[in-house]
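Numbering-wise, the sequence shown is residues 1 to 131 according to my numbering.
Warning: the hint list may mix true and false statements.
Claimed, not checked - Per label pair, the in silico range of CB-to-CB distance: (1) His21 / Glu82: 35 to 43 Å; (2) Tyr24 / Asn85: 42 to 50 Å; (3) Glu51 / Pro120: 15 to 23 Å.
Everything labelled a hint here was simulated from the structure, so no lab data went into it. Ideal placement from N, C-alpha and C gives every residue a C-beta, glycine not left out.
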Amino acid sequence: MGKNNVSSHLRLFRIELEEVHGVYDGFEPFSDDTKMLSRWEILPAEKQGDELHVKVKYSISFEPNALFSIQTQFKIIYRILEEINMKEVNKNLVELAQPCASRNSMMVGQISQYITGGEPLVVVPSVSVED
């Protein structure tokens with residue numbers, strides 16, 4: 001079962017926002033040492049009846065602490081159209097996690113704007129994980 005076959009056996013059913021946390025860390029001027037830390041985490045997929053659930057977590061913060069930190073967690077629910085191999089599903093989680101990326105980008109932008117009272121921080125609407 002190849003990468004394209006996994007998604008062809010599924011149909012996107014729903015995207016749920018399970019958690020969102022935003023914290024104002026105070027205004028500290030940025031320096032050359034300030035780093036934005038952006039991280040995606042994808043949990044192993046779970047098969048529940050005729051559905052496949054993919055949980056995706058995202059966090060953004062700054063080091064040293066500056067401005068804010070935001071964490072989100074989504075559950076993407078697919079309907080299973082044909083039998084799937086869970087080993088292959090878990091090899092293709094980045095592809096299956098993509099539907100929440102644009103919502104996450106929009107939410108981080110809006111929350112960052114509300115927290116700081118300034119311009120929104122727009123993050124790339126694409127899920128990527130480090131190996």
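Quick rundown of the hints versus the structure:
Taking 35 to 43 Å as the suggested C-beta distance range, the pair His21 and Glu82 conforms, at roughly 37 Å. For Tyr24 paired with Asn85, a C-beta distance near 45 Å keeps the hint of 42 to 50 Å intact. In this structure, Glu51 and Pro120 break the distance hint of 15 to 23 Å, their C-beta atoms being roughly 33 Å apart.
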